[in-house]
Amino acid sequence: MVSHPAPSTPTIAAEEDVNRYDPEYRGWLETAIRRVRSDANRSADTHLVRVPLPAQWGVDLYLKDESVHPTGSLKHRLARSLFLHALCNGWIHPGKPVIEASSGSTAVSEAYFASLIGVPFYAVMARSTSQQKVDLIEFHDGTCHFVDNAHEVYAVAAALAEETGGHYMDQFTYAEQATDWRGNNNIAESIFEQMSMEEHPEPAWIVATAGTGGTSATLARYVRYTGRSTGICVADPENSAFFPGWRDHDPSVTTAIGSRIEGIGRQRVESSFIASSIDRMMRVPDAASIASVLLLEELIGTRAGASTGTSLWAALRIVSEMVQAGTQGSIVSLICDPGERYLDKYYSGTWLQEQEIDIAPYQRRLEDFMRTGRLV
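Take any residue in the sequence shown, count from 1 to its spot, add 11: that is its number in the working numbering.
Because the hints were derived from the structure by calculation, they are not lab data. Just to be clear, a hint being listed does not mean it is correct.
As the list claims (entries may be wrong) - The calculated label-pair distances, taken between Cβ atoms and stated as ranges, are:
#: 1; residue 1: Asp-28; residue 2: Glu-149; range: 19 to 27 Å
#: 2; residue 1: Glu-210; residue 2: Leu-310; range: 33 to 41 Å
#: 3; residue 1: Asp-146; residue 2: Pro-34; range: 33 to 41 Å
#: 4; residue 1: Asp-261; residue 2: Gly-106; range: 38 to 46 Å
#: 5; residue 1: Asp-56; residue 2: Arg-382; range: 51 to 59 Å
#: 6; residue 1: Glu-149; residue 2: Ser-207; range: 25 to 33 Å
#: 7; residue 1: Pro-212; residue 2: Gln-67; range: 44 to 52 Å
#: 8; residue 1: Glu-308; residue 2: Gln-335; range: 34 to 42 Å
#: 9; residue 1: Glu-367; residue 2: Gly-106; range: 42 to 50 Å
#: 10; residue 1: Asn-100; residue 2: Asp-261; range: 27 to 35 Å
#: 11; residue 1: Thr-313; residue 2: Gln-335; range: 21 to 29 Å
To be verified - Okay, derived cross-link-like pairs now, SDA-like style, lysine to any residue, Cα gap no bigger than 20 Å in a straight line:
#: 12; residue 1: Lys-107; residue 2: Leu-95
#: 13; residue 1: Lys-107; residue 2: Glu-35
#: 14; residue 1: Lys-107; residue 2: Thr-22
All of these numbers come straight from a predicted model, not from anything done at the bench. For every residue, glycine included, the Cβ atom is placed at its ideal position computed from N, Cα and C.
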């Protein structure tokens with residue numbers, strides 16, 4: 012006869028209840044989120060500026076002027092989204108600093124929002140960042156922490172957050188996650204609404220640049236989500252990893268030195284750059300970027316940063332293609348930030364000489380383009 016062991020008595024787990032609800036923190040959080048959201052409620056939409064081109068070309072070029080945001084750049088939208096994302100995730104706490112790795116404009120905007128909700132802000136940035144941007148960060152009560160090499164900003168920012176008990180915002184990871192690309196007044200929705208009464212309401216191309224990749228991801232996702240045929244082109248400056256990474260389908264690409272065009276171009280392919288969503292990329296020489304913003308000042312009387320020139324050069328190349336093909340339509344690009352932030356750099360002959368940047372050949376090419384419609 013086979014014997015069987017007696018059934019064991021099941022172990023009954025003890026009940027547990029861990030309650031971390033903090034009414035004081037939730038009250039602070041509610042106020043902080045309301046303050047950030049109210050910033051958007053107070054702000055009108057940014058302008059869509061038409062660039063004067065010869066009417067006979069049949070191609071219209073528009074620039075969405077993001078420099079009119081309260082903090083003066085496209086990064087104002089990103090910073091607001093990043094703060095809401097981090098606040099709703101429970102990552103930002105009263106009295107604890109927010110830290111960001113930034114080339115300047117994002118830090119200006121994040122300093123503004125940190126001040127708005129009453130938390131300290133530290134910007135980790137390359138020592139070569141323009142003095143005008145440093146002054147703006149400090150104007151909004153931010154603190155600048157400089158590094159000698161641009162590629163060091165990530166590790167230093169993370170270490171500073173660990174040391175202070177603060178939150179590393181990490182725009183390069185969260186930019187594409189924080190923005191609601193389906194709508195909710197994002198930049199893509201705004202562009203198409205403003206274009207709705209133009210002669211060619213659906214642009215053939217939208218041309219952007221990439222610092223984190225968040226803007227190009229928002230634009231690309233939105234046009235697909237809404238069933239549009241608009242192409243998304245990203246213009247990339249010298250010394251950036253985005254273009255070779257996209258061209259070669261290799262997200263591991265890095266570059267030895269950083270971009271001279273502040274705000275765009277990275278030495279690595281950031282995780283917020285959604286390469287598979289981009290239809291076209293152009294690598295733009297720094298001299299072409301600077302020559303383009305000087306032309307823009309002649310055309311519309313507005314000074315812009317060189318990142319605007321990078322996308323403008325690419326947009327004008329597409330205009331030239333359309334003119335030569337006899338194709339009518341529209342193109343939209345961006346004014347990323349004001350040129351007054353770079354008077355000691357891109358608008359300085361001394362700086363251009365020190366950097367050995369010769370813009371004259373590109374100025375001649377742009378002069379020929381304005382006469383003939385051919386940018387060769």
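Structure-based check of all given hints:
| no. | hint | in the structure |
| --- | --- | --- |
| 1 | Asp-28 - Glu-149: 19 to 27 Å | violated (47 Å) |
| 2 | Glu-210 - Leu-310: 33 to 41 Å | violated (19 Å) |
| 3 | Asp-146 - Pro-34: 33 to 41 Å | holds (40 Å) |
| 4 | Asp-261 - Gly-106: 38 to 46 Å | holds (43 Å) |
| 5 | Asp-56 - Arg-382: 51 to 59 Å | violated (35 Å) |
| 6 | Glu-149 - Ser-207: 25 to 33 Å | violated (41 Å) |
| 7 | Pro-212 - Gln-67: 44 to 52 Å | violated (21 Å) |
| 8 | Glu-308 - Gln-335: 34 to 42 Å | violated (26 Å) |
| 9 | Glu-367 - Gly-106: 42 to 50 Å | holds (47 Å) |
| 10 | Asn-100 - Asp-261: 27 to 35 Å | holds (31 Å) |
| 11 | Thr-313 - Gln-335: 21 to 29 Å | holds (28 Å) |
| 12 | Lys-107 - Leu-95 | holds (16 Å) |
| 13 | Lys-107 - Glu-35 | holds (15 Å) |
| 14 | Lys-107 - Thr-22 | violated (44 Å) |
Violated hints, listed in ascending order, are 1, 2, 5, 6, 7, 8, 14; each of the other numbered hints is respected by the structure.
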